[in-house]
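Undergrad: Below, each chain spelled out in residue letters.
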Amino acid sequence: MFYREAGDFKTSYTDDSQTFPIKFDRYRYYVVLAVAFGIIPFIINDYWANALLLPFLIYAIAAIGLNILVGYCGQVSLGTGGFMAVGAYACYKLMTSFPDVSMFIHVILAGGITAIVGVLFGLPSLRIKGFYLAVATLAAQFFLVWLFNRVPWFYNYSASGQINAPERDVFGIIITGPNAPAWATYMFCLIFLAFSALIARNLTRGTTGRTWMAIRDMDIAAEIIGVNPLKAKMSAFAVSSFFIGIAGALFFAVYLGAVEVGEVFGIQKSFLVLFMIIIGGLGSIFGSFAGAAFLVLLPVVLKVVGVDVLGWPTDIVAHLQLVIVGALIIMFLILEPHGLAQLWRVAKEKLRLWPFPH
Amino acid sequence: MPDQLIFAMEVFLNGLMAGVLYALVALGFVLIYKASGIFNYAQGVMALFAAMTLVGIMNGQVPFAHLINATFGTHAHKFGWNIPAFLAILMTMAVMVLLAWAVQRFVMRHLVGQEPIILFMATIGLAYFLEGVADLMWGSEIKKLDVGLPQGINLWIDETTFNIFGYGFFIDNLDLVATVIAALLVTALVAFSQYTKQGRAMRAVADDHQAALSVGISLNFIWIMVWSVAGFVALVAGIMWGTKSGVQFSLSLIALKALPVLMLGGFTSIPGAIVGGLIIGVGEKLFEFAIGPLVGGATENWFAYVLALIFLVFRPQGLFGEKIIERV
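Quick mapping for you: the protein sequence lines, in order, are chains A and B. Take 0 as the starting number for the first sequence in numbering that gives the first Met the number 0 and just add one per residue. Take 0 as the starting number for the second sequence in numbering that gives the first Met the number 0 and just add one per residue.
I should point out that these hints are in silico values taken from the structure, not numbers from a laboratory. All values derive from a computational prediction rather than experimental measurement. The reader is advised that the hints may include incorrect statements.
[To be verified] Below, simulated BS3-like cross-link-like pairs (lysine-lysine); rule was C-alpha separation at most 30 Å, straight line:
1) K9/A - K302/A
2) K196/B - K142/B
3) K77/B - K302/A
4) K128/A - K33/B
5) K302/A - K142/B
6) K77/B - K33/B
7) K128/A - K230/A
8) K349/A - K22/A
9) K22/A - K347/A
The shape of chain A in the complex, shown without the other chains (with noise of 0.2 Å):
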């Protein structure tokens, strides 16, 4: 009824190849993107924006990036948290050096940044495969922090250890620091995350994410059929880990401002993203979008619920949280492997038949 093919005729060949073929799945998107650009910013206040909408905006970035590695090319990180911290200490000493120029040059520049140092951390999955390649991207996680804690280079020799972003502006409207208002950062992170999903989405589609899958699927019958494993897992871990750099440098600049790297980015946040890419669905889109969703929401509602109606002390919520968010990616492992996004496929599969039950 809703979600079907019928009568929607495609008269060229851009029309047969378009990323939603479907009418109806068309107008969701044009509308959800018309909400997030239009309507959003001029509802925005503080709150939203920091509580919710920046880590999920942020989150969602990073997401879409570690899916590229995990859920595209099956090259398991737990590097994340050391990459998005290449990003945000690129994005600091680019701010801090080139006050002059657009923050968005520096954000791309730190992507590409990330970009390198994951290139040359994702090297010996040449050689080394499944958990002992796990194992080896902790070595990039625990050395890159330890790096921007120890060399006082990288955070301009400041007393404190921490990098403070300074206030800079996108054509005359302030981003960073304190004075930035709600709906510039909202729409600078936004535009960010929108470019990202598109250009992934059409990575995935074509030749290069095609690549990857084969490799994901069986490296070795990939690389008999003629897939160069090299480029395939190297340009995989360079996407992945520009993406993750843009997010460290959003995460940083625009949402925190101030940063301590070991707590921001240690091997909690490397878990974090993973988790939501597990929970959203592993090699898609969508299911970064729904995993970060989740994984933001989470603390928020157990929070209100939990101190605010049931009057619990926070300590305990906390715990609690660990409890939920640990017997949740349990149950998504047993019930549905997929994760949400295979939930939303299945949603989709039945509305298009809707309402005959076969």
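Since the structure of chain A is provided, determine the placement of chain B on it from the hints.
TA: For chain B alone, kept in the frame of chain A given last:
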């Protein structure tokens, strides 16, 4: 002898001792991996959980006191008794067996036949779950654990080395005890898996699940047993680390330190876990001693991982691991 060399020797010995403790955690990993092909990330949290339960039982704490008090408005904190260490260890072991059963019944049974990486992620979920439960049950503050193990400087070694080198080595008694216990544990585990009926069944399961099933071995039973043994190893590791540095969250991070140990030694080899642990322990202490001051210190955070990474590039299956054969 020059001072630097003597200091280096002391660092070397202390590294060996630290390595033994790493190896203890790594052993638990190897056991589960060998028997069920699951890479159990929760091993470190199991050690934390065991240590917290032990402290809680010894002090007569009321489990979930915080939660109960917050829900019902009561003020229960302690039962008001203290249980002797030996009895408390037995009770903790019973809890770990219960935990093994629960893990098998509610998690692993539903994930049979899934890809290894899915199982790995399930154990990460398990780690979070257990950590939350442990905190809820016993509270998250740092606790002191004392089951009567000797601690402090070993005077005999101090005196002997002073007489030989003119400089007394500082070796902790606890580390010596840990070494002895680790040696006993490994001997016992090897004997168990080689000479008992259950041990043989365990190896059969590790070799081939289906073949083991077809000759009448109960997979459920074997897996509960393996997780219980891993729980026991976790308890021992938890006692050692807990006595050394207090029972606190950072205990679960030792699990992460055990990972490079495993990569060096190979996931499937018990001797590998020991040798890997020793190499990592000595390596990171010596590196910190020699290079640390030049680059700002705290290299122990990452040295083990980078060493393992470099090592793996040359030998992907670890020192003693089975050769990886890949087919299409």
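Undergrad: For the pair supplied as a hint, K77/B and K302/A, confirm whether the alpha-carbon distance does not exceed 30 Å.
TA: 28 Å, holds
Undergrad: Holds or violated: are the alpha carbons of K22/A and K347/A at most 30 Å from each other?
TA: 13 Å, holds
Undergrad: Does K230/A lie within 30 Å of K128/A when you go C-alpha to C-alpha?
TA: Measuring from Cα to Cα gives roughly 16 Å; hence the hint holds.
Undergrad: Next pair to validate is K9/A with K302/A; report whether the Cα-Cα distance is within 30 Å.
TA: Not satisfied, since the Cα-Cα distance of roughly 49 Å exceeds 30 Å.
Undergrad: Is the hinted pair K196/B and K142/B satisfied, with a Cα-Cα distance of at most 30 Å?
TA: 40 Å, violated
Undergrad: Is the hinted pair K349/A and K22/A satisfied, with a Cα-Cα distance of at most 30 Å?
TA: Cα-Cα ~16 Å, so holds.
Undergrad: Would you check the hint for K128/A and K33/B, treating anything up to 30 Å between C-alpha atoms as holding?
TA: Judged against 30 Å, a Cα distance of about 18 Å means the pair holds.
Undergrad: K77/B and K33/B: Cα distance at most 30 Å?
TA: With Cα atoms ~41 Å apart, K77/B and K33/B exceed 30 Å; violated.
Undergrad: Just to be careful, I want the Cα atoms of K302/A and K142/B compared with a cutoff of 30 Å; is the pair within it?
TA: With Cα atoms ~27 Å apart, K302/A and K142/B stay inside 30 Å; holds.
Violated hints, listed in ascending order, are 1, 2 and 6; each of the other numbered hints is respected by the structure.
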